[in-house]
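Hints in hand, dock the two standalone chains.
These are the residues of each chain, in order.
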Amino acid sequence: MTSPGKFFQSPANAFDDFDPRSGSVLERALFNHRLWVLLLCLATTLVLGWQSSRVELNASFEKMIPTHHPYIANYLEHQKELSGLGNAVRIAVVNKRGEIYDADYLKTLQALSDKIYLLPGVDRAYMKSLWTPATRWVAVTEAGLEGGPVIPDNYDGGTASLAALRRNVQLSNEIGQLVAFDQASSIIQVPLLQRTPDGRPLDYTRLSQQLESLRSQYQSDNIDIRITGFAKKVGDLIAGLRQILIFFAVAILITTVVLYWYTRCIRSTLLVVFCSLVAVVWQLGLLPLLNYQLDPYSVLVPFLVFAIGMSHGAQKMNGIMQDIGRGMHRVVAARFTFRRLFLAGLTALLCDAVGFAVLMIIKIQVIQDLAMIASIGVAVLIFTNLILLPILLSYVGVSGRAARLSLKSEHAEQAGQHRHGFWRFLDLFTQRRWAALCIALSLVLATLGFVVSLQLKVGDLDAGAPELRADSRYNQDDAFLTRHYGASSDLFAVMIKTPASACSRYDILNKVDALDWQLRTLPGVDSTNSLALLNRRMLVGLSEGSPKWYELQNNQAMLNMVTAGAPRGLYNEDCSLLTLYTYLSDHKAQTLSGLVDHVEQFAAANNTDEVQFLLAAGNAGIEAATNIVVKQANREMLFWVYGAVILLCLITFRSWRATVCAVIPLMLTSVLCEALMVWLDIGVKVATLPVIALGVGIGVDYALYVMSILLGHMRQGTSLSESYYRALLSTGKVVMLTGVTLAIGVATWMFSPIKFQADMGVLLAFMFVWNMVGALVLLPALAHFLLPSKRVSTGPAEAEPSHPTSLPLTPALIEEGACVKHSLRLAPGLDQTATAAAHPVAS
Amino acid sequence: MNRISQASALLLALYLPFATSKCLAGPAAVGVPLNTPAMGVPAAQNGVLIDLARAGTRLVAVGERGLVVFSDDNGQSWRQASVPVSVSLTAVQFVDAQQGWAVGHAGVVLATLDGGEHWTLQLDGARVAQLELDAAKADQATAADPDAAMIRVQNAERLAADGPDKPFLALEFVDAHRGLIVGAYGLALQTTDGGATWHSMMGHIANPNGLHLYAISRQGPRWFLAGEQGYLARSDDDATSFSQLDSPYEGSFFTLQSRADGALLVAGLKGNAFVSNDAGASFQRLSVPVPISFNDATRLADGQLLLVNQGGMLFRNSEQTGAALLPLGKPLGKPVSSVIEAADGSLIVAGFTGLQRLAQPATAASE
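Protein sequences, first through last, are from chains A and B. Counting in full-length UniProt numbering, the first sequence runs from 1 upward without gaps. Counting in full-length UniProt numbering, the second sequence runs from 1 upward without gaps.
Be a bit skeptical, because a hint or two may be false.
Said to hold, decoys possible - Label-pair restraints from in silico Cβ distances:
#1 B/Ala301 / A/Asp114: 46 to 52 Å
#2 A/Asn173 / B/Pro327: 23 to 29 Å
#3 A/Ala564 / B/Asn209: 23 to 29 Å
#4 B/Ala126 / A/Pro201: 55 to 61 Å
#5 A/Glu610 / B/Ala324: 21 to 27 Å
#6 A/Pro567 / B/Asp344: 53 to 59 Å
#7 A/Ala604 / B/Pro42: 41 to 47 Å
#8 B/Ala301 / A/Leu454: 25 to 31 Å
#9 A/Asn173 / B/Asn209: 49 to 55 Å
#10 A/Ser501 / B/Leu113: 43 to 49 Å
#11 B/Leu113 / A/Ala604: 36 to 42 Å
What the hints assert, rightly or not - The list that follows gives simulated cross-link-like pairs (lysine-lysine, DSSO-like), each with its CA atoms no further than 30 Å apart:
#12 A/Lys497 / A/Lys631
#13 A/Lys80 / A/Lys96
#14 A/Lys96 / B/Lys330
#15 B/Lys334 / A/Lys96
#16 A/Lys497 / A/Lys63
#17 A/Lys63 / A/Lys631
None of these hints come from the bench; they were simulated from the model. Backbone N, C-alpha and C fix where the C-beta goes; we use that ideal spot for every residue, glycine too.
Pulled out of the complex, with its shape left as it was, chain B reads as follows (with noise of 0.2 Å):
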């Protein structure tokens, strides 16, 4: 305890001067956010924080204005790292220790070569617009359904009217070259070389309604999609198309996560949350403890998957507990909008009020 107290002081003393020196600065003009890096703050660990990741042992955290904060020691100490845009990140993903990705609004793609703690712009709204203008443009002329490509441009056409304000929402990465991310309005990109080039999978996404995607969930070369009002997309071809599945409900998905037998999970509006053993064919419902939205899901180093909800509520469940969510923990009292576990087993949850670590919930989750 002594140690760790005196390691975070060393830290808290190593990282005052930085803070200082980017308070210094003062308030200058306001420009677009897209252009504006991130405010260094005082307690950045009590921002409005949206998505965790692990690097390695490392945590990071992403949040609202461009907020990248990351720990070292389980998320005892916080530091905030140096991002170049202050819009608000939504989900963050490391491939190592030292190698990932951050997605944002404005269609901002992050990237960072140290384990968070600089960021470099490889994507913004505008050029993601411009791909997949150029993209639809390309695909028209060798269309199987001129109408629909015809649409399609339309649709891309204006959304590079409509400017950089649509948001990236998911990203997986399956390795340090290879990625998807997917956003609002059926937004989605595939990278090969690391986000250095982009190209779009709008054409290849069966999402006709143009529908927000939520969350990505990869189980080998299948890949799955979820989002607005009740979609469900799968790939069977490692990402290369998608195609829309039945749904078992009409409300939105927030998440989708992968039980260690292979299961999938998924869950969203008004505590609504299903489980599939088949690869996403047909839906078992799990039982609604209360009708209160579920943000977030995570696996275990045991295997068991973790539910959060907007009211600040965990819930377990695992091949054992089949179609039941079992409540860990006392409720938080606020509302939650990411969990994932630290390296010493303790959980960290990520919400509007900043990040909280709940040290040892993981005993009880396995009694």
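Here chain A stands alone, though its shape is the one from the complex (with noise of 0.2 Å):
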């Protein structure tokens, strides 16, 4: 057996003789110049982080749906028709003292109203509240209508005028709209414009905090307010955002003291935290000067690049070490690990750009986005973690401590102690019986997983806005209006396309009034509107109130005449378009999917030339068409990052049954993911796509460490066994290191304040962990029947040389540290050459 102390007489492993004109001409360009790349560095982080104070926090309405759907594209395309439908902020003023006919309360409701009159981005002309004229009653006398607005003209807040107040309002048919049931608040109804009066997109933000103030002025003793809809829900997300900076300082903390344990060297723990937190930077500075913006997804992005940094920056650093324990100057440490681990580290970088990759099939934006910042995050990772790293540490070095520390077991061994307890116990899988019983086990975890995961759901479960907690004070909010209006706050509206001015056409109204009369029979619908319904309605009306006449009757001068006094929203303004509003009891996906089923069904056997059915606008209609691209992603995905990950194992491994035995791990995994998903009550949305993608693609890192390895070892012949053994030694360790920190980087999300986050935080940590646990025990247990050992007749030192090519190229090799090392004990004699040799891919 070669002893380490044959090592060090090596020519290169001091200072003095080592030749700077060796190795590749990026790494000769980069060492001989360490000085001028820190100095580019330290520029760069600079700029970049003074540029990363510019990057801005939005979430725009648009880049969360998936635009390019059919559904979609009939709601952007008929945007600016459906007044009042895609974004408004309903403002509910509750008296907390009694009923809304209060003049104290009036007058606040008044300055309220005024106030938000004047917020930029507000549609001015269509807010609607106790005091706009456009609030009207209308009431049956002997004579035929009278009406007025609601707060009458001589409104002096006596008792007078607040008793005709009262009286008006009963007669408004606000109640449950504009009015609460209960009469004890009302709502200031803010439709929103795309863009402010000045050309620029909304800023949700300002908004929100905006609206925040006049809440906190406003809100007293006596009045409080409950704001709702999707830009005071973006603004509540953004600011739950914030919050994510203290979640990313809890990750640093705890993966610097995990890495810290392992290494148990202060100087380069800090090295590679800090260059990983100088990705962050340059991917945060990189941002807005490629016009990109964080949003609540791709805000996670900063935590995984983090995480991946991480667990490369210490397998670099895992090598420089055990070349320094092994007596090289730091300096040499850091070139020859530079040498061997570029290539690699770049592989294993690609690796994770896969699972990022994948996600630019999904045609949403905001994954888009997602996708495109991570991958500029892992691209900034080849520089600080692959170039920066090596040259900081062949400045700092590492503690000789350290150094001794990281070759320790294989000290132990070679000093004849036992293995350790838990790689004995990991030993145990490569056997029969453990193998075949974890195997078992596996089966019947898969099994149980599958059954379970079939009642995986698609879209958001919860009630209110499910991207925050139920607890939330939007969802609260959110809750109270629903309590306290008649309309819930999941709309599904169906457009109706009809020839110019014939909106109100006889024949139209009745396909209308049939569709509306359907919609409201299915299950999870509460209420609908139309023109048709209100046609109903408004012929009660017309005839002094009878029920008698609640029809929608054969009379095209009545149909015209109530069409002209038609609130806005049930038609456009050329009475081309009609709108038939379906209010939900929930937005579950099949709440939605039998809704846009039955709709389906009715425009294919009622459209025709003149007369189109069209879905689907409304936060629910809007969610529906997000379901079906997220359900079909979802397929889509998980073929595309398997066939990734399996093309990728087969081009590394070179053998199908070890691609088989990385790839089912990674699988049973995905099944257990998706029955922890139904056992959380999780379904599949926006938000769980990324995860399936990443907990896969960077899942897959773990078994291409571990199994290039044991494949490289197997192939010299020896048995499975051992092979796993070396493979532990060397990489093992770290895989473990990985999956812990790359779980803890995301654990911490679980507790953001946005649902979805935290939704993602306990998925992907469960996916990195389990990833982990398959690649070390469910692996070898595979192995063990479909790697059978081959007896190689020739000698080992022969062996080495002749498989160049079947050595891995990648990631995995991330670790050949320990490998060289190992080939280097097998056979006695070869010096750097055959290093060289064994690893074309370094040279």
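Shown next, in the form of structure tokens:
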């Protein structure tokens, strides 16, 4: 057996003897100009650090929806004509002392209403509250109908005025609309413009802050203010994003501690953390330059980049440490490590990038942005953790104690001591009994997981705004509005295209009326509204309130008259588009798909050249389209991710058997992850798509690390058990470290006020940990049955160079340090030339 | 209680396959409501229901889009009947536990022989217009007033030209053969053979302005009609001809009901109600509790009258209460279009939000 001492005699060990002209062009370019590289990095960090202060947080409505889907295309095409549908804020002003017929209350309402009227981005012409002139009452008298504004023209706050207001409200049809059923609150309905008058897109953060400051200004012991609407929701989301900084700090702290526990070297630990943070700074700095903004989804990317940086940095450092432990000078160690690891590390990062890249197939812009931003992050890691880190390490070095520790188990074994208990435990899985047991258990888990995962739902399952937690202020406000006002916040709208000026034609309205009635009988539909329904109601009103006239009468003059006086929103300006509103009791996928299917069938049976029933608008309509896209993307993405991973494994391993061993644990994790989603009541949604891609894309790294080393040894004729042990010693520890740091990096999201971030955190942490367990336990068990140890007749010394191409190209190799070492041990006499031959990728 | 819930569970179980088979048909091309059978809906008792009637101990409610529901457990559970049209039905009446009629929009008259489970179409608006046109032309030859007869023919021609868009609003059947139906713009027809043939009554009811006729009440051979703009009419010859009465009010009347003591109560717009103890010769105003229109009135088993208004308030009136309308229970907070007493003394109300059963309010009423 070769002792490390022999290695020390290598001429390259001493700095003075080292030939700085050796190594690749890139290595020479970087390491022979270390100071320049450092200065360049410093300059970049300063510039991008300054840039990163310009990163904006935003969450545009259109970014979160699949704009290419025909439903959304229909919606976007008619968006301008669907007034007040897509984007409005509803502000309920509550009188805590009783009913709204109270002079003080009305004064506050008026003041607030006036302030909101002036906010930029408010569609002033269509803003509605008790104080706007468009809010009117109508009454039947012996002579006919009479009406007027709800707040009397001569309103003076006196008892008579308040009594008149109370009477007008009863006659206004606004109870359940603008006025709560209990008449203790009223609503300010604020439609928003897509762009502010100066042409800039509406700034939700600012609007939300302005609304919050109005809330704190007007909320008092007597007045409670509740705000709902997409703009407020996004504002709250962005406010929640700011808390992310705390989680980021926690993630940094914990991963640092873990890394220190692993290396026992403060110097190098801080260096790795520093480099990973530099990566995050660069990434954030690049975003404004490339015109990207952070949204609630992509804000998680820096966590991932940091965590990936930490694990790759740790591996890099591990290599250098072991070299230094063997007595090399730190510069030489850094260069050797760079030489061995640069390409491997690059490939590993490219592997991660595959996981991100697959996300690009989902035609939802937030996801594509996330994929792009993550790719930028990974690209940045190539510079910071593959170049900057070794150069910095070449200056700083590692503590001697840590360097010795890094070779401890190797030394221990050489000293004839027993293998570590944990390694011996893992080794059991290469034996027939344990392997069979493990596979049987996995089969049971897979079966159970599969059965449970059949119940996996698509879409959001919680009431209110699913992005936020159920007990958030927004969802409390939303529940308040749903409880005190008729219409729920889940609105599904069908658009009906008609010839110009024909929207009130009887034959068309008759169809709308039929669909309206059919939809109301579907499960999950609370109520509906349409011009047809208005005609029924208005005929009752025009017939002195007699319910016997509740009918859509085939009387065109009457229909035209009612249509002329219909409120905004039921049809467009040139009377060529009707809207049928459906208010739902929830936005579960089942409810939405039932609705969508029905309308599709109805449209197929009733669409003509003149009249077309088009899906879909309203938040639930958009969600229905999103669900359809997500459901399809979920399947496609699994296909692509696994396709990419399998291809990658095949290229790396050159063995379908090894590929099966590597991929099956991933599949088990994917199945169990779906079961976990069922158990935690998480539906497949926009937020869970990246989880699946990232979980598998990054998760395969573990299998790659372990399998490539294992395979390398087995191809030299070593037994499975021995090969696995070698793999564990070199990469196993790092696999565990990686699994833990990545899991910690994402697990902190669980405390996010944003529900989907918490969901993503749970699921990703689960996938990272379980993939790691799979790679360490199930992989050797499968290998036992699939990778029969072959007896190599030739001596190991010949075997090694005869299989150069069989060696993994990749990431795995990251740990190659150990691999090199073992080959040296197996082939005593081999010097650096042999090492280079064994690792063509590194030279 | 237990037995009742078991029974309703059984009914539900029987009903469900029926309901699903109807729903499974899926949406088809939308046709003319007059020719389209009413759609089976899962909770038909929550639709807009307009009128209520009793067929023996069975309760029957009719309403929007051809909706007919019936209950054999005093309104605790409801089943939907099969109806050949999907126009709104405005009034329903049974002469016994089996035989009944319902009228509605587009001039439809429906008849049932099985207590309201299955209905057949007896008449529609197009035939109504034709009947009236024929009658107007036939009467023109023998008319005493040729100008009036001419106007009637012109009106009938317009009625035929308009198409079937006008509703019947009330019906009164004396027995399985003879009945009167009235409706919008003074529509009125009579049958003497259970609806097999109809003849127009429009020439025999003094209604020169063609006002809507909302209600019929009968006391033996004496009949009353009430309608739009305070219209009141009486027939002393068993509905052969009607002459207009002097009205105490210019607003519309929506309901007519005879009290146990023979007094006639008429009620309508903005809470106005009147009682006549001399067969309509004179009326005494009842106190207006709130200015909300009365939609319906019914006579309870104990002879009291019960009125409901568009605010969901119930009031009672009897010989004892005189000119007072006494509130019964708390307001329901929603418009009520019709009310009826079930066989067990509970009250069933119908309205825009469906049916509601008020258990045991009769006790309160008799106190």
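Comparing the hints with the structure gives:
B/Ala301 and A/Asp114 have their C-beta atoms about 59 Å apart, which leaves the hinted 46 to 52 Å range violated. In this structure, A/Asn173 and B/Pro327 meet the distance hint of 23 to 29 Å, their C-beta atoms being roughly 25 Å apart. In this structure the supplied range 23 to 29 Å holds for A/Ala564 paired with B/Asn209, their Cβ-Cβ distance being about 26 Å. Between B/Ala126 and A/Pro201 the CB atoms are about 58 Å apart, so this pair conforms to the stated range of 55 to 61 Å.
Take A/Glu610 and B/Ala324: their Cβ atoms lie about 59 Å apart, and the range 21 to 27 Å is violated. Between A/Pro567 and B/Asp344 the Cβ separation comes to about 44 Å, which falls outside the hinted range of 53 to 59 Å. Checked against the hint of 41 to 47 Å, the C-beta distance between A/Ala604 and B/Pro42 comes to roughly 23 Å, which is inconsistent with it. The hint said 25 to 31 Å for the Cβ distance between B/Ala301 and A/Leu454, and at roughly 57 Å that hint is violated.
Between A/Asn173 and B/Asn209 the CB atoms are about 30 Å apart, so this pair departs from the stated range of 49 to 55 Å. At roughly 48 Å, the beta-carbon separation of A/Ser501 and B/Leu113 lies within the given 43 to 49 Å, and the hint holds. Roughly 39 Å separates the CB atoms of B/Leu113 and A/Ala604, a value that falls within the hinted 36 to 42 Å. About 28 Å separates the Cα atoms of A/Lys497 and A/Lys631, which keeps this hinted pair within 30 Å; it holds.
Between A/Lys80 and A/Lys96, the direct Cα distance comes to roughly 38 Å. Violation of the 30 Å bound is thereby established for this hinted pair. For the hint linking A/Lys96 to B/Lys330, the alpha-carbon distance of about 25 Å falls within 30 Å, and the restraint holds. Restraint check for B/Lys334 and A/Lys96: the C-alpha separation of about 25 Å stays at or below 30 Å, so the hint holds. Between the alpha carbons of A/Lys497 and A/Lys63 the distance comes to roughly 26 Å, so the proposed pair stays at or under 30 Å and holds.
Taking the CA atoms of A/Lys63 and A/Lys631, the gap is near 18 Å; set against the 30 Å cutoff, the hint holds.
Comparing the model with each numbered hint stated earlier shows that hints 1, 5, 6, 7, 8, 9 and 13 do not hold.
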